[in-house]
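Trainee: Chain residues, written in single-letter form:
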Amino acid sequence: MSDDVLAVSGLIVTYQNRTVLEVEHLAVRSQEILTIVGPNGAGKSTLLRVLALLQAPTRGEVTFQGKPVVHHPRHLLPLRRKMATVFQAPLLSDTSVHGNVALGLRFRGVPPREIDRRVRHWLDRMGIGHLADRPARTLSGGEAQRISLARAFVLEPEILFLDEPFAALDSPTRERLLADLEAVLHESGITAVFVTHELVEALRLARRVGVMMEGRILQVGSVDDVFNRPVSEAVASFVGMETILPGRVVAEHGGLAQVELPQGQMIEIVCELPPGVHVVLCVPPDEVIIASRDMLSQQTSARNQLPGLVAKVTPLGSLHRITVDCGFPIIATVTRQSALDLKLEPGREVVATFKASSLHVIRRGDIDGGDVSK
Amino acid sequence: MELIWQGFLQAFRLIVQGDPELMGIMGLSLKVSGIATVSSLLLGIPLGTVIGLGRFPGRGLVLSLVNTGMGLPPVVVGLFVSIFLWRSGPLGVLQLLYTPTAIIIAQFIIAFPVVTGLTVAAMQQVDPRFRLQLLGLGASRVQLLWQLLRETRLPMLAAVMAGFGAVISEIGASLMVGGNILGYTRVMTTATVLETAKGNFDVAIALSVILLGITFLINWGLTAIQQRGGAG
Chain A
1 MSDDVLAVSG LIVTYQNRTV LEVEHLAVRS QEILTIVGPN GAGKSTLLRV
51 LALLQAPTRG EVTFQGKPVV HHPRHLLPLR RKMATVFQAP LLSDTSVHGN
101 VALGLRFRGV PPREIDRRVR HWLDRMGIGH LADRPARTLS GGEAQRISLA
151 RAFVLEPEIL FLDEPFAALD SPTRERLLAD LEAVLHESGI TAVFVTHELV
201 EALRLARRVG VMMEGRILQV GSVDDVFNRP VSEAVASFVG METILPGRVV
251 AEHGGLAQVE LPQGQMIEIV CELPPGVHVV LCVPPDEVII ASRDMLSQQT
301 SARNQLPGLV AKVTPLGSLH RITVDCGFPI IATVTRQSAL DLKLEPGREV
351 VATFKASSLH VIRRGDIDGG DVSK
Chain B
1001 MELIWQGFLQ AFRLIVQGDP ELMGIMGLSL KVSGIATVSS LLLGIPLGTV
1051 IGLGRFPGRG LVLSLVNTGM GLPPVVVGLF VSIFLWRSGP LGVLQLLYTP
1101 TAIIIAQFII AFPVVTGLTV AAMQQVDPRF RLQLLGLGAS RVQLLWQLLR
1151 ETRLPMLAAV MAGFGAVISE IGASLMVGGN ILGYTRVMTT ATVLETAKGN
1201 FDVAIALSVI LLGITFLINW GLTAIQQRGG AG
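Protein chains in written order, with our numbering: chain A, 1 to 374; chain B, 1001 to 1232.
Be aware that one or more of the hints could be misleading.
[Claimed, not checked] Interface residues of chain A toward chain B, partial, derived using beta-carbon atoms under 10 angstroms:
hint : residue
1    : R49
2    : L54
3    : L76
4    : Q88
5    : G104
[Stated by the list, open to error] Short, incomplete list of chain B residues facing chain A, as computed with Cβ under 8 angstroms:
hint : residue
6    : D1127
7    : R1129
8    : E1151
[What the hints assert, rightly or not] Label-pair restraints from in silico Cβ distances:
hint : chain 1 : residue 1 : chain 2 : residue 2 : range
9    : B       : N1067     : A       : E198      : 41 to 49 angstroms
10   : A       : D116      : B       : P1057     : 44 to 52 angstroms
11   : B       : I1225     : A       : P315      : 54 to 62 angstroms
12   : B       : G1058     : A       : P78       : 31 to 39 angstroms
13   : B       : R1153     : A       : D116      : 20 to 28 angstroms
14   : A       : R108      : B       : G1089     : 50 to 58 angstroms
15   : A       : D116      : B       : R1055     : 16 to 24 angstroms
Since the hints were derived computationally from the structure, they do not count as laboratory data. Since we're looking at a predicted model, the values are computed, not measured. Using N, Cα and C, we set each Cβ at its ideal position, and we do this for glycine too.
All chains should be modelled from the sequences, with the hints used to inform the complete structure.
Mentor: This is how it looks when you write it as structure tokens:
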């Protein structure tokens, strides 16, 4: 616990009797990058504002550096001055680039020469040193967000909050900015909380991930835990395991279980759950192999072979997303080339194949238990 | 046209000669309207900031009153200030009626809602998230307000111009509470009316031209400040 920079417990935020945030406990450890992912409207930004001491929770306690936070302007100011926040919109002041980055240091009463030195360092670090004297509001979205990042880093905060800083940018700009941010975060060893609805961003920056939905944090853990061992159906579906199949274990032998789906098909999975247990199976799209019917006889180690018809083909750049109707939809990603080779188009008869070990299994009981406890 | 031309010539002559009567009237106009404007800024900007940024019960009503006040007819102000300052009125003991101070009071009442209302509008056009960003950068309450005033300097200077413009050009209140006493409470606008009534159209036109000239120079200066800071 002593390693936590910031922690919240029993946190509740309500707007006009509607609870928008309910977090039992969340801690930000020293020098970690904690990412909160969740769909829009999940309450991520509200959580971030509470963590950044910009909004008082309706109920609950915020602890910063081991001390409970008192929500009174006089107490908050010195604490806020140990933090920095970058929002989705760059929210620049109507002055020069240099003036914008200097803002926080001026608030702190840092001597002008020291301000100038630090501002120039961070402008260069963010690759916008040549824009120092330009009026900030005439710059492009990417440059503006670089100002916003420099404006936060120049404060050398104990903790940095990033609220979807790249959401409004086009993808090449976002990619470059993400790479630069990643480098700065890792070399400075700064503690950061990063909020995003983009899984790719979350995966790149985070060591720990929290998944947030409808005002609650459903799971916090390592990237590996959250993405490969989601605790619930909701988490699984959000982190991209698009094929989610509810079923019931009917037999188990030697670590291999037979799961019966409501439609009657049998799926084999690697797990040691006793018969009768209700489960949810998550099939990662990249674990599903699509083959044509005539290749079915070929030897394969994959336990699960489900015949079906191609229902939909969605091109996604170099990959194609294939939806196969096997009585229930299974989603697979295949390369464009193999989609062409297999002549994948709606109505084509294919076999969807995946290994018993490639599935992730969620016990239904876990889900109910986790949610009903409220 | 001949008349207007004569008026321009007369105006030129009066200024070049430094006519003492004209200089006195000009000086009083600038002093009275200047003090009224500055006072309305000192009170109107803080009040406008509170209404613009704050959330309190009755805010809507207060804002409606301010907005109504922005269109206050100077004669109405003149009438009520007169009633209050009459010897038998509630503030009669102060003996302020027909003094420059009375004009300042009336002009303050005219400019104050204008400045307040435009300050409210200026503050409301600032993205509320920008306030959050400033707090996130470690601004104290005072620093936050100061920064917001800096951000809104364009509309705030417009408020200064509108406030000054409203009072330097009004006549109803100056006439009613000042009395147009030569050498004491006669200002540019009341002098213009008097000269027109007397049939001295060339002098009246000269006064109008000078009044316009003064207003133009002041607004030119303010606009220069405004645009230098803003467009960058």
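Trainee: Which of the stated hints cannot be reconciled with the structure, identified by number in ascending sequence?
Mentor: Those not satisfied come down to hint 15.
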